[in-house]
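Go ahead and model the full structure; you've got the sequences and the hints to work with.
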Amino acid sequence: MSIESPRTAIVGLGITEMGKVYGRTAVDFAVEAITSAVADAGLKMSEVDGLYVNPGIKNDTDMRLQSTLGMRNTRVLATMQGFGSSAGQMVQYASLAIESGMADVVVCVYADAPLKEGKRAGAAYPGQARAMVGVGSLPFAAGLKAAPERYAVAARRHMHAYGTTSEQLGAVAVAARQWAQMNPHAQMREPMSLADHQASRMIADPLRLLDCCLVSNGAVAVVVTSAERAASLKQPPVHIWGWGQAHPGYVNRRDSEFGLVTGAAQSGADALKMAGVGVDEIDIRQIYDCFTYTTLITLEDYGFCAKGEGGEFVASGAIAPGGSHPTNTGGGELSSYYMWGMTPLSEAIIQARGQAGERQVEKHDLQMVSGNGGVLDFHSTLILSPHPKGR
Amino acid sequence: MALAPVVRDDFSAPFFDGTADGRLLLRYSPSSGEWSEPSARFCSVTQAADLEWRASSGRGELVSWTIKPGRTKDDVTTPDVVIGIVELEEGPWLSLWLPEVEQSRLSVGAQVVVDFVQPEGSEHLPVARLA
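Going down the list, the protein sequences come from chains A and B.
Residue 280 in numbering that gives the first Met the number 0 is what sits at position 281 of the first sequence, and the numbering runs on without skipping anything.
Residue 3 in numbering that gives the first Met the number 0 is what sits at position 4 of the second sequence, and the numbering runs on without skipping anything.
By construction, these hints were calculated from the structure, which means they are not laboratory data.
The beta carbon of each residue, even a glycine, is placed where N, CA and C say it ideally should be.
One thing to keep in mind: the hints can contain errors.
As the list claims (entries may be wrong) - If you want the footprint, here are the derived chain A segments under chain B, 3+ residues with CB under 8 Å:
| # | stretch |
| --- | --- |
| 1 | 138-147 |
| 2 | 154-165 |
| 3 | 253-266 |
This is how it looks when you write it as structure tokens:
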């Protein structure tokens with residue numbers, strides 16, 4: 000059995016204050032985002048019968064949010080961990096639960112509160128706390144501890160294979176900042192130039208500070224229900240046309256595609272096939288951008304440009320405001336806020352509803368939304384539209 | 000020293016016996032004839048479970064690398080840390096520290112040899128040096 004075209008929609012969105020918001024726990028943020036999303040949909044908490052919780056890297060939230068929220072007789076409930084691919088995955092499993100009749104209204108949430116007052120952002124995610132036991136610890140012991148250095152070796156591989164340059168990565172950062180300047184939710188709205196990017200300090204060569212995403216305290220929740228029910232709710236429905244997942248399982252050996260091809264290639268193709276559309280029909284791209292390089296390689300793997308031509312593509316201005324391929328129209332994780340896959344998903348919902356104000360992209364009939372987790376290890380894709388799609 | 004100490008478990012005991020003896024052991028599948036990285040539980044090509052420890056030549060080439068800049072704190076400056084992915088002649092990749100490397104000599108395809116160092120409180124650990 001396969002679902003050729005799901006008949007579900009996202010009907011609620013809750014976004015808390017983002018960034019250096021202190022004195023609140025991840026659970027506090029999650030509760031606010033969930034109640035806000037449900038109210039946004041015009042629903043009551045008593046009508047929610049499903050909850051999926053992405054616990055983040057720190058596992059500060061989980062399915063026990065059910066009790067915190069006072070939910071009763073919940074029909075689907077789980078803590079879901081797909082790292083940065085989780086948001087897309089949760090929406091997919093919510094849709095499957097609704098399609099199968101297991102639940103009617105499912106909330107998906109991500110919350111995080113790693114920033115502590117007086118502590119630098121770089122201390123928020125010091126790398127996985129892993130016991131230094133056995134051969135599996137060798138990469139960590141050698142110094143590949145946190146995300147920047149692990150993505151850096153991937154980025155350098157791409158740069159060597161295809162001639163991608165630091166300036167081209169910088170074009171991704173500059174475009175994201177240009178979009179963020181029009182986003183009231185964005186943490187970073189000061190102008191940024193390519194020269195600023197090139198002058199930013201090296202974090203893990205070849206990745207500079209302005210190649211790296213932000214760190215944010217906050218939460219985002221979304222509400223998923225059937226397309227039929229969505230039609231009578233408060234907000235314009237955001238219909239789910241297709242989805243995909245791909246988790247490449249890179250092996251550390253000769254001929255590995257690590258750094259060169261990601262799960263986006265398979266996941267994106269599957270999502271487009273389910274949606275019944277071609278990549279050329281996508282109006283807006285919301286790409287998981289933990290690093291500038293991630294945006295670039297995902298655009299290649301989704302097919303918006305040829306493999307190896309991502310550098311030239313982004314440097315052409317295609318993804319910036321006014322460009323041919325609007326991408327990360329809220330500023331992404333690089334300049335707006337870092338809520339794992341909820342960052343691209345939340346902006347997609349805002350754009351699909353036509354509620355993006357100054358940054359609204361005029362043609363927003365189809366959007367492609369990515370989630371990326373681990374070090375390019377886990378990938379999810381959604382195709383979203385303000386229009387319902389018949390079977 | 001940039002390396003963090005590592006202790007052995009039952010699975011890794013032969014590997015660290017090897018490093019103490021100056022030998023790099025990898026996982027080898029007799030049924031496939033393929034080599035896998037030291038942490039592999041299954042053959043990385045066929046997923047066969049018949050892996051055994053076998054000595055590598057300890058020679059390989061650089062696939063990629065990153066440089067974590069040194070930091071100055073309280074007038075003490077730590078050196079840059081260079082970590083590379085090394086493709087061994089047998090095929091597996093290892094992520095290794097390149098101590099005291101001349102950064103201008105770093106290049107994809109650069110020949111390296113595996114050496115061993117012992118941080119305090121640690122087993123002997125493999126590192127890479129440019130050939």
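Here's how the hints hold up against the structure:
Counting residues of the stretch 138-147 of chain A whose CB lies closer than 8 Å to any CB of chain B gives 6, so the stated coverage by that chain holds, three being the minimum. Only when three residues or more bring their CB closer than 8 Å to a CB of chain B does the claim for the stretch 154-165 of chain A stand; here the count is 3, and the claim holds. Restraint check on the stretch 253-266 of chain A versus chain B: 3 residues with Cβ-Cβ distances below 8 Å, three needed, restraint holds.
The structure fails none of the hints (numbered hints given earlier).
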